[in-house]
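Residue numbers (my numbering), protein chains in the order written: chain A, 24 to 236; chain B, 6 to 306; chain C, 2 to 778.
What the hints contain is simulated information worked out from the structure, not anything from laboratory work. Please note: incorrect hints may appear among the correct ones.
[Stated by the list, open to error] The calculated lysine to any residue pairs, modelled on SDA-like cross-linking and capped at a C-alpha distance of 20 Å, are:
id : chain 1 : residue 1 : chain 2 : residue 2
1  : A       : Lys202    : C       : Arg12
2  : C       : Lys262    : C       : Asp75
3  : B       : Lys30     : A       : Leu43
4  : B       : Lys30     : B       : Leu9
5  : A       : Lys202    : C       : Gly13
6  : A       : Lys202    : C       : Pro711
7  : C       : Lys707    : A       : Glu182
8  : A       : Lys202    : C       : Asp75
9  : B       : Lys166    : A       : Arg64
10 : C       : Lys707    : A       : Leu43
Given the structure is predicted, the values throughout are model-derived calculations rather than measurements.
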Amino acid sequence: MLLEFELNGKQTRVEAEPTLRALDLLRDVLGLTGTKEGCGRGECGACTILLDGMPVNSCLLYAAKLQGRRVTTIEGLTAEDGTEDGAEDGTEDGAEDGTEDGAADGGGDHACQGDCPPLHPLQEAFLAEGAVQCGFCTPGMILSAKSLLDRNPDPDVGEIEEALSGNLCRCTGYGKIIKAVQRAAGDGIKAAREPGPGSGAGKSGRRQRGATR
Amino acid sequence: MQYLRARNLKQALLQAAEAAGERVKFLAGGTDLTVQIAEGALDPTLLIDISAAEELRRLERGAEGLRIGAALTIAELLESARAAAGKPAESASIPRCLLQGAAAIGSPQIRHLGTIGGNVCNASPCGDTLAPLIVLAASFTLRSPRGSRVVPAEEFFLGPKATVLEPGEILESILIPVSHLSGRSAFRMIGKRNGQVISQVNIAVWLKRGRSEGAGTISTPIEDIRIAAGSVAPIPLRLKRAEELLRSVIPDPPLLQAAAGAVQEEIQPISDVRTSQAYRRSVIASLFTDVIGEVLEREGR
Amino acid sequence: MNGQKLSVVGRGVPKVDGAELVTGRAKFAGDLRFPGMLYAVARRAGIPAGKIRGIDGSAALALPGVRAILTAGDIPGPNIIGILPPFDQPVLASQEVRYEGESLALAVAESREAAGRAAAAIRVDLESWEPILDVDQALAEGCRKIHPEGNITFSKRLVKGDVEKGFAEAEVVVENTYHTSFQEHAYLEPETVVAVPGGDGRVTVYASCQSPFHIRGHVAANLGLPASRVKVIQAYTGGSFGGKDDVATEIGCLATVAALKLQAPVMIVHERRESIVGSNLRHAARIHYRTGSRRDGTIVAREARIHLDGGAYASESPFVTMKALIHAGGPYHVPNVRVECTAVYTNKTYCGAFRGFGVPQVTFASESQIDELAAKLNMDPLELRRRNALRAGQANATGQVFAGSVGIVQTIERIAERRDRLPPVRQDRSAAAGAGSTPEGRWLYGRGCACLLQGISNGAEGIDVVGASVQASQDGSVLVGVGLTDMGQGSRTVFAQIAAEVLGVTMDRVTVRQVDTDSVHDSGPTVASRSTTVGGMAVFKAAEEVKASLVKMASLMLKCEEEQVLLEENFAVRASSANNPEVRIPLPEVCTAAYWTGFPLMHLAFSRAPEARFDHETHQGDIYIAYNYGTHLMDVRIDRLTGAVEVLRHLAAHDLGKAINPMGVEGQVEGGALIGFGMAHLERIEHEGGCIRNANFADYAVPSIKDRLPTETIIVEDPNPTGPYGAKGVGEPPVAGTAAAFANAVAAATGRRFTRLPIRREDLLAALQERDAAKGG
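The shape of chain A in the complex, shown without the other chains (with noise of 0.2 Å):
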């Protein structure tokens, strides 16, 4: 069957069989591994994505089903800014202070290995209040998150609770999940509110990189 769907932004068409796993088709056919297979069941929510937006398990979703659908993976989320390395000040990373990872003070809040995307406020959300031990978790989770903020940017803890209700963690506790979701929704929530000088709109992402907090 040839499947034709927006994933992560992008057009995308693809030759399968109708009743493969979607997970199966993003990890072995279009090489995206980063949604996670945890269970096979339904039961985890490692293997969560978003379709047109909502949350579901794509363990559990025939890849017939994407046909003509928006598809978003963990690789598909962006700085705010939208485009999808950031870079917009023309240099090769997007570095805003010419060293060679970008990172605003050097001692920054998140030092990578290798290079350094833009983030997206969740994803450096999760970092800074570490809410992320093995990580496994973590692609699934930050989109049941990413859907609850998009339609509600100012979830209480009980809303936060419910959304992420089908995403199992075994390493953190949870605690600092929430806390990093209430940071993420609080920073989207200023950023809308107080545009800073020189970025014009979209560019709060990257004004967080290697901001300190």
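Given the structure of chain A, go ahead and fit chains B and C onto it with the hints provided.
Then chains B and C, alone, in the frame of chain A:
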């Protein structure tokens, strides 16, 4: 395993009819089906995907009642209720016990993919929409190449994962009659933990109070009541003896307690990997007390 | 090390490997792709005990896409793995089935689906035996022997003083029997390996694991290869908690046998069900315990008899047995202690390492005893603990005396201080009333506390060494390699912090490489909360050696004495003095100059913890390099109508020596606490006839976000001289503390002691109804 996508209901039925000798399964969201296929519990040779069929995804309030398309996802059902909140009663608002049952299903991920029809046709005794549909006197419209028939929810389930659906027959829609859109209803369930829970036991109640003569509703009799429980028998169970105790009476604490006792006696729970028979029998009385308290006290819808 | 101002150590820095994790770029073993890669799936027995009469793979081999069906005969080496010799676990069984998950054959195919179908199509002829299902049955006279030497896996004693004399002196005695259940690790990433033949006579095994050197050793032995031809690389690992010790070795061997036979890369990924059934669990325990004290609360004697149900194979049972033995006495100064601990074989999934490693089980029993004693003495439970808590200079249960870093009293005091500021626990009036009263209110409230100790690192389990390498490049960046693994607990970040601190570089200049058995000294398993302590020490030493080169070079460039040189913020600095202003040179210039001058910029260091010296008959001696001590307090509210429990408050105070990364510490405490809570309340592996009935995440209730605890981490720092910057580990202690505190809180709320974990909703409801019935009638 072959896969066909039906553009509409008619095409789905045709595809099924033409698939002589195939083991056919209709696919909506697939949250139950894909697992059963992967585990080898089901072995269809043809899947007909009906999730795109528009007529199976309608939610309409008409003269006969509220008609819910079987392929409506659980999340869409909940979302439409949120959208309808505050709107006039004639809009497609959904009875509370069904919303509470739907909200109790799995996780957001399951709710965004799974459908109400899927929950019904999977016919797991712990399905969270089943007891609500029974107390709402819902009826199911089944379509096949031979025509259509209507089956009351109570008669639809035959056993765990078994229904009256014949090969090639689809659940098209669920009707909640206008008579049961009024009144009050509620649902409770309990599981091992707080999040992403499978019901160890669940219970739904719908009732209608008589006309009030004095102040408040406390002193008005229960005109009609329906009680059903899930995960307490091979099928979702209507609890008629408990209903009898409360029908046409003015509810008072001793009566409610007796009804709770009747609920406990009437269910036929077993011990399984989810919990013990004893816990089911004990906790259902508590859930019943909670749920009946909600329908009796609550003002408004 | 002590007393100086620290710039990176002690700060809550984000993980150094965080960016690749939040973007999904990090490659876990299952994400690796190699040209021509095949997949393998094991055929498992499906019955708990029996004789293997025959295995016929011919039908399976004929299926499309199938390349090989391997059995025991295809394993070149001895076909055996284990933790402590003599090893008792086959890689592929050929004679006997000892548990339902026993691997009998391996199907190798071009896709996972084809391999799975092939595995299912392998014909196995098994003669089913009556399985041995519990400890008493296994120990009974005439019981079938699961292993040739009998059904006792390991049995040891701890004897301090004379308990008979102690109990004779005791004025108050409490006695009870406690049970804990099997618990599953439930890491989100199932076990995964990929074996890749190198074409150069070597094979590389990428593994989700925590003991890469174990894997290397067993793969080499079972393949009949020299270990130097096997390389194990730890892929990003999605949680382990002790669970990927044995099984990574098992599938590492299997994948390698297949890879070398077929000269192709082979991946094995477990399905969740297989992960639960086919990999180790936490030992279920039965603990008979008695404690005697004087009327003033001084504990004079403690005696415990412990039976551990260890399942089909020994795995870590010997070490869990020793650890349970050593910790059963609790963090108290007790003159007379006798503990006997016996691990037993049964025909169930084998048990091994799981965060806590025997300590959570015995702590639950020990701390229940303390509360029962407090009740009998009519004494505040926290005060009773304070009275008996170990102080520096006192001998613990193994007779070991620590001159310092014994912070249990400090943790008790921190909790007591907080408790004093809390509102009193709400009382359920009916609890005090007599029979016939109507219970008022829906909720029962209770507060419980617990104290614990957890030995850091290997202790009596054997040699305790870690290798590390630190390499400075000419550009002033630093590469760190350590033999211990990061499975999420943040050790990579801690190692980076230590190297950065010593060398005066900023965190972004430090890279910690993946663990690769080629590059560092065999460092044993990453267990026992040893990463920070022993691992950190190795990094510290290696960094110090490189620092010496840089300081020497810098002193030449700055024209000053070596003592005047400071390394900080990527600079070598000569501090200002009376006549001279401060001078600084960028560290990259120093590194380049050092290279061209011939000063070594890489050093391999070896950190070896003092050897445990103890009497193997009595377990008296110096066993651990340090202990972490903790005190927990938990407030619960129980719904008397459903048995549901809400944790209203959870304070966890730990003496961990020095918090190198406070945010990391919180993460470990919060995560460990929830695992302890699972053990105490939600999680129970259900066996029937030796088979696990809830091998999935729906019926095995791993806590969801809605079940989380409001854990508050309280850090107490009583520096440990054997750890870097005084640090001790903290990965495991929160498990024991939380489980024990929960049990005590529930007992306080219900007025009833529960002696079995988990205390589930249904257990609470049943107990409450029994109590109400007794009162009412």
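Here is how each hint holds up against the structure:
no.: 1; hint: Lys202(A) to Arg12(C); in the structure: holds (19 Å)
no.: 2; hint: Lys262(C) to Asp75(C); in the structure: holds (9 Å)
no.: 3; hint: Lys30(B) to Leu43(A); in the structure: holds (17 Å)
no.: 4; hint: Lys30(B) to Leu9(B); in the structure: holds (11 Å)
no.: 5; hint: Lys202(A) to Gly13(C); in the structure: holds (15 Å)
no.: 6; hint: Lys202(A) to Pro711(C); in the structure: holds (12 Å)
no.: 7; hint: Lys707(C) to Glu182(A); in the structure: holds (11 Å)
no.: 8; hint: Lys202(A) to Asp75(C); in the structure: violated (52 Å)
no.: 9; hint: Lys166(B) to Arg64(A); in the structure: holds (18 Å)
no.: 10; hint: Lys707(C) to Leu43(A); in the structure: violated (32 Å)
Checked against the numbered hints above, the structure violates hints 8, 10; every other hint is satisfied.
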